[in-house]
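A.B. asks: Now for the letters of each chain:
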Amino acid sequence: MPMPWESVLPNLLAGDAPHAAELPMDNDAFAGFYSRSARPLWAYLARVSGDPALADDLMQESYVRFLCAAHPALIALEGEVAARRYLFRIATNLMRDHWRRPHSTSIEELPEEFFAASASSEQADSQAVLGPALAQMRPLDRQLLWLAHAEGYSHREIAEVTGLASASIRLLLFRARRKIAKLLQNQSQPQMLVDKRDETSRSESARALSQRSQS
Amino acid sequence: MTLRSCIHEKEVAGLLARGQYPQACTPELRTHVSSCHSCADLVLVTRAFQTARANTAPTGNLPSPGLLWWRAQLRRRNAAVERIGKPILGAQIFALAVGLVFAIGFAATQAKHGLRWLTWFDGISLDGISFDGLSRPSQLPQASALHLDALHPAALLSSSGGLLVLIPVLATVVLLGGVAVYFASEKSNENEPR
Numbered sequence: 001m002p003m004p005w006e007s008v009l010p011n012l013l014a015g016d017a018p019h020a021a022e023l024p025m026d027n028d029a030f031a032g033f034y035s036r037s038a039r040p041l042w043a044y045l046a047r048v049s050g051d052p053a054l055a056d057d058l059m060q061e062s063y064v065r066f067l068c069a070a071h072p073a074l075i076a077l078e079g080e081v082a083a084r085r086y087l088f089r090i091a092t093n094l095m096r097d098h099w100r101r102p103h104s105t106s107i108e109e110l111p112e113e114f115f116a117a118s119a120s121s122e123q124a125d126s127q128a129v130l131g132p133a134l135a136q137m138r139p140l141d142r143q144l145l146w147l148a149h150a151e152g153y154s155h156r157e158i159a160e161v162t163g164l165a166s167a168s169i170r171l172l173l174f175r176a177r178r179k180i181a182k183l184l185q186n187q188s189q190p191q192m193l194v195d196k197r198d199e200t201s202r203s204e205s206a207r208a209l210s211q212r213s214q215s
Numbered sequence: 001m002t003l004r005s006c007i008h009e010k011e012v013a014g015l016l017a018r019g020q021y022p023q024a025c026t027p028e029l030r031t032h033v034s035s036c037h038s039c040a041d042l043v044l045v046t047r048a049f050q051t052a053r054a055n056t057a058p059t060g061n062l063p064s065p066g067l068l069w070w071r072a073q074l075r076r077r078n079a080a081v082e083r084i085g086k087p088i089l090g091a092q093i094f095a096l097a098v099g100l101v102f103a104i105g106f107a108a109t110q111a112k113h114g115l116r117w118l119t120w121f122d123g124i125s126l127d128g129i130s131f132d133g134l135s136r137p138s139q140l141p142q143a144s145a146l147h148l149d150a151l152h153p154a155a156l157l158s159s160s161g162g163l164l165v166l167i168p169v170l171a172t173v174v175l176l177g178g179v180a181v182y183f184a185s186e187k188s189n190e191n192e193p194r
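In order, the protein sequences belong to chains A and B. Last residue of the first sequence: 215 in our numbering, with the numbers rising by one and none dropped. Last residue of the second sequence: 194 in our numbering, with the numbers rising by one and none dropped.
Next comes chain A alone, as it looks inside the complex (with noise of 0.2 Å):
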């Protein structure tokens, strides 16, 4: 039986529909969800999509669609690791539908951070370390090794996220793992040639040095 529109509308107006009291969680629960999964999902968006600018976007997005979209039995069912999931299957969804849009971007459209120098040397290490061999990876590499690796999902939990086929998962993992293990090596390994130059300069100065202190 349909129900009345003019008995529907004046709840709306007020502020207490039923549509919108179904949001899957009260708000203190959300708070809490979110405290914990925002960075993790924020350094998914900003490591795969290589922009920290769109990351905040496309964040905010997620958790707003999430609201809106998951029921809540999902969350009281399954708890928060599937409420978490189907989280990253938001966000995933919409980095694929932003990298199908054409788009160019212009210079005045790049967020200030990306020229600023980074806050810590920790984080500047791992920039590029990872930085350029992910730059080199196909973007669904990306999101399978950054899914596996760092949030350490399963291939079956992967398949949920990314709408894969759970078998083909293995095999676009095993082909990505090896590929950015030989970047990182091929990275490290002029690296290394570089510290080790380092080193022998200054152990060579070093002895100079002590050299002229004995003369």
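Treat the hints with care, since some could be wrong.
[Said to hold, decoys possible] Label pairs and their calculated CB-CB ranges:
hint, chain 1, residue 1, chain 2, residue 2, range
1, A, Ser-168, B, Val-179, 47 to 53 Å
2, A, Ala-53, B, Ile-88, 39 to 45 Å
3, A, Ala-135, B, Ile-88, 49 to 55 Å
4, B, Pro-27, A, Ala-53, 45 to 51 Å
5, B, Lys-86, A, Val-81, 35 to 41 Å
6, B, Lys-86, A, Gly-50, 38 to 44 Å
7, B, Ala-184, A, Gly-50, 46 to 52 Å
8, B, Arg-47, A, Trp-99, 37 to 43 Å
9, B, Ala-184, A, Leu-77, 33 to 39 Å
These aren't lab readings, by the way, just hints derived from the structure by calculation. The structure displayed is predicted, hence computed values, not measured ones. Just so you know, even glycine gets a beta-carbon here, dropped at the ideal spot from N, CA and C.
Fit chain B to the supplied structure of chain A, relying on the hints for placement.
C.D. replies: Chain B only, in chain A's frame:
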């Protein structure tokens, strides 16, 4: 490319996921990792990604959860209002379309019969009514008195070609059509997956 995975890979992956590699690793496993290409790749890649995750996660500027909660509620409410407004709009469009069809049909029929119903107005003119301040009884020789017979339905029917029957029928069809469309679209909206 052949897909060959090492039998120790699961064990190494478990240790890496728990953050226990290489501390909780047996010497045999450590020796194996240094000699196995697949396990070495796994360790290298997982460590790089775990470090990147640990360093990247704290750098994001996160909005407050309350703001996102409010935005979600607003969007959900707007979607609900839109869902309710859609069948009403459909009913209105349908009613308008039916009304227009009938009006055009009626106009076409009347045009074919030379607008006979206009003569009906001549029959209900009052005696001595002034037009623009001028009494023109001479110009209205046949309308010198109110003919009550002219208001009788039978007379109207005969003079206007069923005008008085047509209008209520038309109004009822439009109204019922609109209501039917409203309920039909309401039902289809209910069946739609959210």
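A.B. asks: So, for every hint listed, does it hold in this structure?
C.D. replies: Hint check:
1. Between Ser-168 (chain A) and Val-179 (chain B) the Cβ separation comes to about 52 Å, which falls inside the hinted range of 47 to 53 Å.
2. About 41 Å separates the C-beta atoms of Ala-53 (chain A) and Ile-88 (chain B), a value consistent with the hinted range of 39 to 45 Å.
3. The beta-carbon spacing between Ala-135 (chain A) and Ile-88 (chain B), approximately 52 Å, falls within the hinted interval of 49 to 55 Å.
4. For the pair Pro-27 (chain B) and Ala-53 (chain A), the beta carbons lie near 48 Å from each other, so the given range of 45 to 51 Å is met.
5. Remark: the range hint 35 to 41 Å for Lys-86 (chain B) to Val-81 (chain A) is upheld by a beta-carbon distance near 37 Å.
6. Between Lys-86 (chain B) and Gly-50 (chain A) the beta carbon distance is about 40 Å. The supplied range of 38 to 44 Å therefore holds.
7. About 49 Å separates the C-beta atoms of Ala-184 (chain B) and Gly-50 (chain A), a value consistent with the hinted range of 46 to 52 Å.
8. For Arg-47 (chain B) and Trp-99 (chain A), the Cβ-Cβ distance of about 28 Å falls outside the hinted range of 37 to 43 Å, so the restraint is violated.
9. At roughly 34 Å, the beta carbons of Ala-184 (chain B) and Leu-77 (chain A) sit within the given window of 33 to 39 Å.
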